[in-house]
Every structure is written in structure tokens, then in C-alpha cells.
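A.B. asks: Okay, here's what each chain looks like letter by letter:
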Amino acid sequence: EAGVVQSPRYKIIEKKQPVAFWCNPISGHNTLYWYLQNLGQGPELLIRYENEEAVDDSQLPKDRFSAERLKGVDSTLKIQPAELGDSAVYLCASSSGLAGVEETQYFGPGTRLLVL
Amino acid sequence: GDSVTQMEGPVTLSEEAFLTINCTYTATGYPSLFWYVQYPGEGLQLLLKATKADDKGSNKGFEATYRKETTSFHLEKGSVQVSDSAVYFCALLGGGGSNYKLTFGKGTLLTVNP
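Chains A and B supply the protein sequences, listed in that same order. Each residue of the first sequence is one higher than the last, beginning at 1 in the numbering used here. Each residue of the second sequence is one higher than the last, beginning at 1 in the numbering used here.
The set of hints was computed from the structure by calculation and includes no laboratory data. Keep in mind it's a predicted model, so treat the numbers as computed, not measured. Check before you lean on any hint, since a few could be wrong.
As the list claims (entries may be wrong) - Below, simulated SDA-like cross-link-like pairs (lysine to any residue); rule was C-alpha separation at most 20 Å, straight line:
(1) B:Lys60 - A:Tyr106
(2) B:Lys106 - A:Glu44
(3) A:Lys11 - B:Glu42
(4) B:Lys101 - A:Leu60
(5) B:Lys106 - A:Gln41
(6) B:Lys101 - A:Ser58
(7) B:Lys101 - A:Ala54
(8) B:Lys101 - A:Gln59
(9) B:Lys106 - A:Pro109
(10) B:Lys56 - A:Thr104
(11) B:Lys52 - A:Thr104
(12) B:Lys101 - A:Tyr106
(13) B:Lys106 - A:Lys16
(14) B:Lys101 - A:Thr104
(15) B:Lys101 - A:His29
(16) B:Lys106 - A:Tyr106
(17) B:Lys101 - A:Lys11
(18) B:Lys106 - A:Asn38
(19) A:Lys16 - A:Leu60
(20) B:Lys68 - B:Tyr30
(21) B:Lys106 - A:Val55
(22) B:Lys106 - A:Ser87
(23) B:Lys101 - A:Asn38
(24) B:Lys101 - A:Glu52
(25) B:Lys101 - A:Val55
(26) B:Lys101 - A:Glu44
(27) B:Lys106 - A:Arg112
(28) B:Lys49 - A:Ser96
(29) B:Lys49 - A:Gly97
(30) B:Lys101 - A:Glu53
(31) B:Lys49 - A:Thr104
(32) B:Lys106 - A:Leu39
(33) B:Lys101 - A:Ser96
(34) B:Lys49 - A:Gly3
(35) B:Lys106 - A:Lys11
(36) B:Lys101 - A:Pro61
Chain B on its own, in the form it takes in the complex (with noise of 0.2 Å):
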């Protein structure tokens, strides 16, 4: 079956340093690939999303570009803030042919220091 993984928290960085979460799937089909982010004590929210091969979503500063051959979705922001910090989900959609199972990852939280 379809499924997410994504590299193991907790990741603490410093204000400004560069983030790099990597997630990886796999699925038959063509799944949608998204990012959510969950902030303390609040339900998820979109952050962004990919539909194809080689589309890069992006928004607030992040970024993942969806690698088919390598079937990973990284999620990348140059400069974090304290205000980033949260635990971040990425999921897939559509694979094995259903277009609403969303499957996602285990979460990765992130802590940004000042």
C-alpha cells in the first residue's frame, strides 16, 4: 500500500539557519504530494502542495519540489523563524488509484530558537 516517510524529529535550529526536512514515498499511480503543518495545540493546515512530477509548491518561504525518479518531496525554507516552529506532515493523495486517501507521515518537529 501507499506510504510516507519522513526523516525523524526532533529538529531544533537556530533563527536564520537553513531547514531541510526530507520525505520520501511510495505509491503506485500518480499521487499529489502535499505538506501540512500543525501548530501547537491547532488542527492542520495546508502549507503547500505538487501535483506532478517536477512542480515545485511553495509558500511562506517553503518549498519542495516533487522528484518522481527519487520519489521524495523534500520541504526546504532558507531562513527559519521562531514562529515556524511546528510539526510538519507530509502526505500523499491519489495513489493506488483513490483520489481522496490522504496517507501521511509521522511528523517531524521542528523547534526554532532565537
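Next comes chain A alone, as it looks inside the complex (with noise of 0.2 Å):
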């Protein structure tokens, strides 16, 4: 069974331009995650999504941060402008969705992003 597929693995990009990440999760889980991991930490919640309904961006600053699940399977993070700061790993993790019921989490390899 395939696991949690992200790209590009790595991008480099300059302070003010655009970068979007995908992800697709494993086949047949429902709830898919999106966190950001600073060098040396552990990963924090950005954006929760069940099938197509984003149930929790609390974290997500959304003046330049965005993201859509559109037909409930893949997904997509954007930054919008990037800025230094932003430099980081992106993971996107899937569980099965099944509600009420605590799920593991299952992680992609990540996206590293370095802005200059």
C-alpha cells in the first residue's frame, strides 16, 4: 500500500514569491493534516481537513497562508507572498477518518522549503 506522497521534496525559492505544496494520502483515509516543522522541532498543526471540509485552520495564518482539498482526496498548500521566515518542512499526514475513534497518523516525507 502506497503511503502518504508529497511534492517536490525540496523547492528553493526567493522573499515574496509564491510556492505550493501537494499531497495525496493514503487511499481511503478521509482526514488529512497539514504541519509545519521548524529545524529542530516538533511538527505543528496547520490545517485539518475531513474529506473536503477544512474542520480545523485555527492555526493556519491565513493572510498568506491558503489551502484546498477540493475533491476530498489530494491537497494542496500555498504560501503567498513567502518570507524569509517561512523556511521549514511541510508534512502532510492522513488518517482513516473514522469518526469518534482515535486515529494514527500516518506522515509524508515532507516538503522543505528554503526561502532566500
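Join the two chains, each given in its own frame, into one complex according to the hints.
C.D. replies: As C-alpha cells, then:
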């Protein structure tokens, strides 16, 4: 069974440029998460989707970050414009989405962003 | 709010040495506890988990026991290998009534020398 797929794996951009990350979750997983991992830190949740609905985006900086999951499968996270402080690893995770059940989250390899 | 505290690294061991990475947590409710491992250049992989007090999670020679009385979930391995070199993250899920919000520690870098 394929795991969570993310692309690109690495991205280097200049500040003020836009950037987008793509994620395809494990087949059949209804819940999708985007996490931000700063250097030397644990991941922090940015947004969580149940199917196509963003059910928790309280930690997403909405002035420059946006996300979508239009068909309830793959998802895109966008930053526009990027700032130097956005340099980090962006992780996508998915879980089965069974209501009321504690769910193990499975992570993709991440996209490492460097903003110059 | 919920929080996870891990021993600070880096931890450097020789091959076949005994490993302990300490993890304690603060949470309301009854969280599930996890250890994730991150190899260089890769994403997080689930190593083991425990969902209730006194449960022991184990995988690949690693084990951790959910101790509610000491709010701890220490990771142990009897004999480490060079291939175990990675960053290890302790995490909790379900504290505070949320069954989806993972709270991570800062990670502990382990280096195993031959």
C-alpha cells in the first residue's frame, strides 16, 4: 500500500514569491493534515481536513497561507508571498477518519522549503 | 494546554549500547501516546504507540510503557544499531478532549557509532 505522497521534496524560492505544496494521502483516508516543522522542533498542526471540509484551520496564518482539498482526496498548501521565516519542512499526514476513534496519523516525507 | 517534554539531545551511543530517551507529558483527559522516528531527509514514521495506562508499545526492538502515575512514556532499546541513528519524537493524541490533535516534543537526536 502506498504511503502519503508529497511533492516537491525540496523547493528554493526568493522571498515574496508564491509557492505551493501538494499532498496525496493514503488511499481511503478521509482525514488529512498539514503540519509545519521548524528546524529542531516537533511538527505543529496548520490545518486539518475531514473529506473536503477544513474542520480546524485555527493555526493557519491566513494572511499568506491557504489550503484546499477540493475533491476530498489530494490537497494543496500555498504560501503567497513567502517570507524568510517560512523556511521549514511542510509535512502532510493522513488518518482513516473514523468518527469518534483515536486515529494514528501517517506522515509523508515532507517538502523542505528554503526562502532566500 | 497539552505538552510533551523530551530529554534534550543529542544522544551519542556506541553500537549495542542500551538506549533510554525520556518523555513526560501534561494533558487533560486520557491521551494516547506515540513515538515517531525521523531518519535523515525523511518524514516521520510511527515507531510505536500505547493507548491506555500500563500498555506497552513495541516495535523493531524498541519499547515504551504508558505510565499514568508518572505521566511518562520513556523509549528504550536494549541494543542499538548504527541504523537507529535518527531523531525520535514523543507525541500525545487526544488530551484535552481532542481525538486528532497530535502534540509533539522537540525531538531527540540519536547518533549510534560503530
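A.B. asks: Indicate, hint by hint, whether the structure satisfies it.
C.D. replies: For each hint, the structure was consulted:
1. B:Lys60 - A:Tyr106: It holds: about 18 Å lies between the C-alpha atoms, which stays within 20 Å.
2. B:Lys106 - A:Glu44: With Cα atoms ~10 Å apart, lysine 106 of chain B and glutamate 44 of chain A stay inside 20 Å; holds.
3. A:Lys11 - B:Glu42: holds (15 Å)
4. B:Lys101 - A:Leu60: holds (14 Å)
5. B:Lys106 - A:Gln41: holds (5 Å)
6. B:Lys101 - A:Ser58: Judged against 20 Å, a Cα distance of about 12 Å means the pair holds.
7. B:Lys101 - A:Ala54: holds (14 Å)
8. B:Lys101 - A:Gln59: holds (12 Å)
9. B:Lys106 - A:Pro109: holds (18 Å)
10. B:Lys56 - A:Thr104: At roughly 16 Å apart (the allowed maximum being 20 Å), threonine 104 of chain A and lysine 56 of chain B satisfy the hint.
11. B:Lys52 - A:Thr104: With Cα atoms ~14 Å apart, lysine 52 of chain B and threonine 104 of chain A stay inside 20 Å; holds.
12. B:Lys101 - A:Tyr106: Distance of about 13 Å is within 20 Å: holds.
13. B:Lys106 - A:Lys16: Violated. Lysine 106 of chain B to lysine 16 of chain A sits at ~29 Å, over the 20 Å cutoff.
14. B:Lys101 - A:Thr104: Holds, at about 11 Å.
15. B:Lys101 - A:His29: Satisfied, since the Cα-Cα distance of roughly 16 Å is no more than 20 Å.
16. B:Lys106 - A:Tyr106: OK: lysine 106 of chain B and tyrosine 106 of chain A at ~18 Å, within 20 Å.
17. B:Lys101 - A:Lys11: Roughly 27 Å between the alpha carbons, so the hint for lysine 101 of chain B and lysine 11 of chain A is violated.
18. B:Lys106 - A:Asn38: holds (10 Å)
19. A:Lys16 - A:Leu60: Roughly 18 Å separates the two Cα atoms, so the pair holds.
20. B:Lys68 - B:Tyr30: holds (9 Å)
21. B:Lys106 - A:Val55: violated (26 Å)
22. B:Lys106 - A:Ser87: Between lysine 106 of chain B and serine 87 of chain A the Cα gap is close to 18 Å, so the pair holds against 20 Å.
23. B:Lys101 - A:Asn38: Distance ~18 Å between lysine 101 of chain B and asparagine 38 of chain A Cα, so the pair holds.
24. B:Lys101 - A:Glu52: holds (18 Å)
25. B:Lys101 - A:Val55: The hint holds at about 12 Å.
26. B:Lys101 - A:Glu44: Roughly 9 Å separates the two Cα atoms, so the pair holds.
27. B:Lys106 - A:Arg112: holds (18 Å)
28. B:Lys49 - A:Ser96: Between lysine 49 of chain B and serine 96 of chain A the Cα gap is close to 16 Å, so the pair holds against 20 Å.
29. B:Lys49 - A:Gly97: Holds. Lysine 49 of chain B to glycine 97 of chain A sits at ~18 Å (cutoff 20 Å).
30. B:Lys101 - A:Glu53: The hint holds at about 16 Å.
31. B:Lys49 - A:Thr104: The given pair, whose Cα atoms are some 9 Å apart, holds under the 20 Å limit.
32. B:Lys106 - A:Leu39: holds (10 Å)
33. B:Lys101 - A:Ser96: Answer holds: lysine 101 of chain B to serine 96 of chain A is near 14 Å, not above 20 Å.
34. B:Lys49 - A:Gly3: This hinted pair holds, its Cα atoms lying about 19 Å apart.
35. B:Lys106 - A:Lys11: Judged against 20 Å, a Cα distance of about 24 Å means the pair is violated.
36. B:Lys101 - A:Pro61: holds (18 Å)
When held up to the earlier numbered hints, the structure conflicts with 13, 17, 21 and 35 and fits the remainder.
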